[in-house]
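With these hints in hand, go ahead and build the complete structure from the sequences.
There are 2 protein chains.
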Amino acid sequence: MTPIIQLGIGGVGRALARQIVAVAPAIRRRYGIDLRYIAIADSRGIIAGDPTVSEEQVHQILAVKEAGHGLDSMTNAITDRHWIELLPATIAIVVDVTATSEHTAPLAAAVSAGHRVVLANKRPLCDEYDLFTALTERGATRYEATVGAGLPVIGVLQGLLDTGDEVLRIEAALSGTLGFLMSALEEGSSFAEAVWKAHALGYTEPDPRDDLSGADVARKALILARTCGIPVPADAVSAESLFPPQLATVSVAEFLQRLPEAEESVMERFAAARAAGNVLRYITCITPDNIEVGLRELPADHPLAGLRGPDNMISFTTRRYHDRPMVIRGPGAGVEVTATGVLSDIIATAREL
Amino acid sequence: MTPIIQLGIGGVGRALARQIVAVAPAIRRRYGIDLRYIAIADSRGIIAGDPTVSEEQVHQILAVKEAGHGLDSMTNAITDRHWIELLPATIAIVVDVTATSEHTAPLAAAVSAGHRVVLANKRPLCDEYDLFTALTERGATRYEATVGAGLPVIGVLQGLLDTGDEVLRIEAALSGTLGFLMSALEEGSSFAEAVWKAHALGYTEPDPRDDLSGADVARKALILARTCGIPVPADAVSAESLFPPQLATVSVAEFLQRLPEAEESVMERFAAARAAGNVLRYITCITPDNIEVGLRELPADHPLAGLRGPDNMISFTTRRYHDRPMVIRGPGAGVEVTATGVLSDIIATAREL
Ligand SMILES: NC(=O)c1ccc[n+]([C@@H]2O[C@H](COP(=O)([O-])OP(=O)(O)OC[C@H]3O[C@@H](n4cnc5c(N)ncnc54)[C@H](OP(=O)(O)O)[C@@H]3O)[C@@H](O)[C@H]2O)c1
Ligand SMILES: NC(=O)c1ccc[n+]([C@@H]2O[C@H](COP(=O)([O-])OP(=O)(O)OC[C@H]3O[C@@H](n4cnc5c(N)ncnc54)[C@H](OP(=O)(O)O)[C@@H]3O)[C@@H](O)[C@H]2O)c1
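Sequence lines, in order, name chains C and P. Taken in order, the first sequence gives residues 1 to 353; the numbers are from the working numbering. Taken in order, the second sequence gives residues 354 to 706; the numbers are from the working numbering.
These are calculated hints, taken from the structure and not from any lab test. Misleading hints may appear alongside valid ones.
Said to hold, decoys possible - Under 8 Å between C-beta atoms, here's a sample of chain P residues computed to sit facing chain C:
1. Arg-491
2. Tyr-674
3. Pro-678
What the hints assert, rightly or not - Ranges of calculated distance between the beta carbons of each label pair, as one might list FRET restraints:
4. Arg-138(C) x Val-605(P): 43 to 53 Å
5. Ala-625(P) x Arg-138(C): 33 to 43 Å
6. Tyr-482(P) x Arg-28(C): 16 to 26 Å
7. Glu-519(P) x Ser-189(C): 28 to 38 Å
To be verified - From chain P, some residues computed to sit far from chain C (all C-beta separations above 10 Å):
8. Met-354
9. Arg-383
10. Asp-403
11. Gly-423
12. Asp-433
13. Ala-442
14. Ala-452
15. Thr-453
16. Glu-546
17. Asp-588
18. Pro-598
19. Leu-633
20. Asn-643
21. Glu-705
For clarity, every value in this text was computed on a predicted model and none was experimentally measured. Glycine included, each C-beta is placed from N, C-alpha and C at the ideal position.
Okay, here's the thing in structure tokens:
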């Protein structure tokens, strides 16, 4: 049996739990792997198995969360214990699908005790560089879903590096929201209109500044660069923000209302690109000695220029993929495809145990 | 130590051996895996280790092959024994980078004895369906390099299926040579001229009919379909051939000379596509109940229509990637990138042992 502790049971966590319940019998048949939850946690409680969490209990947990309650509302919840005490003597897989930094140190402790980690949560990899290496040494932590969700990005990059290839340049469009906005501008929308629409349709985070600041993209860039072996310190990647500093601290409602204040600078960049026959994209560019995250003018024949709408796109130019890059493209967010990435990592890890 | 037997030391085999020698120390440090050859074979002899083939011996083998000799010319070569007798009591990885069917049955025997297999050679997977399942059950055989060389295709597909996704449609351009030819037609070349040029530049197989028959693409289509779980019998995938039957059996020289006989039918298809505002591509299309390999008219906004030149491109439309597919693109041939695919598979397998 492969014991799993899952931290977080929000959108991605619920999709993951449903996928695990659905495929567990096939995985048992196909690979002889018996995936079993031994604990599931949200921000308020942990349901620990006795010794494992039954399928029925998983369904109960899903029902409780879908009803909007905390796990502490379940009779058998533990609220005063840390999950690390629930780790078994055999090797377990700890899955972090929260969005907090709270578990970073315990995850590193679990790794040093020989356990394995799978992450959709980017934060544990964006702390001090030493924590990144502690988590990832000997391939103890898999984190495919942190960049591009279910798209093959991290595993591909590690495969290239492990086989002795050398990364010359990674160029990537890693924000579906910012991709959507750039396409809207190309279709004639103003910047404020595009953001209002994206916010109303739920394409942005509840606070759209979480997307527009580029902070989430900067975290992905940091993870990619560190995966390349570049020892980038925490917070060393700065992303270009698409709104002026005076809008950083106002309420969401006020921010939305004052969005036209962000209009001019973005539209100027957009018009300049268009006048030069180029396109404007919000991209990440990583080379061995530079990391950039922000708006960039690209010539029309650039691989990332062809991107429309919310797809992610990642282009690897390496010593072996030199004249023509390897390019991955597709939806880079969404709870189902993110859970797919996480579960693939869990299965790959379980096959090693 | 992870023992490796490598069958074939041609273009891909030599690139692989060089990559293994180069990365072995890093792999040892990074994953605690000690990759060691215990035997290397070509069509004429086997060099068996005592107990392992030293790095110096690997360099000797590379020098002998680069000089155009057979391994039987080396003093310690074995020519009268089968590699299966060299398999150790512990689990070994057998790597087939030949282009023969000869090892199919022994590979299946090795798998049933608990060993693992890694293939760049498509043929072992294109025999009877029972042999395919015997080789691939429990994930015993990895074969990423058989489709798209170093591009992530097979692993991605297996990841989708393992996590419970459902493939609705795979559309793919899997022949660099045929991609090159289609682009040449778009640039105004005649079909015969395009083939002559591709042949002269070494872009085709020595006998260009090996490309133009579509047989190699049909093998890739068969492997993709079987990986999807479709029990396709051997030879059940028929590819559209780009030359008429009367040219099938003549010499290569005569074939090249009589190529204008193939001109009319291809150019008619090309002109019809262009007149309809479409593009002509040689593609593979797999759905749960159909497999097609051949020329197809695609609308200009189809994901595969944007392809130019010899790149491969694979588009997965699934239940989860429904509105927008996952698309992989890049060079799908070449000895270095093929060896990258093979070595990634070897490392992934070794991490499981
Ligand atoms: N959604 C996507 O498309 C996507 C794509 C790639 C990566 N990701 C990443 O995946 C992670 C999860 O995303 P999501 O969309 O599922 O977020 P979400 O819906 O907000 O869910 C977060 C979950 O984490 C739980 N949580 C918060 N603090 C916790 C703590 N200290 N201990 C244990 N659990 C805690 C929350 O508990 P409560 O239920 O009690 O609030 C909730 O169940 C995030 O890091 C996100 O960046 C998401
Ligand atoms: N090249 C690519 O870009 C590419 C891409 C994807 C997949 N592949 C596949 O990778 C495989 C190798 O390709 P390649 O380009 O390296 O071919 P290659 O240069 O022709 O090399 C084939 C090797 O196999 C050896 N061989 C033939 N019969 C054998 C036998 N019965 N036992 C042991 N060894 C035998 C040959 O021996 P001799 O040296 O004695 O002739 C030679 O060393 C093929 O299946 C190919 O389809 C190639």
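Tell me, which hint numbers fail for this structure?
5, 9, 21
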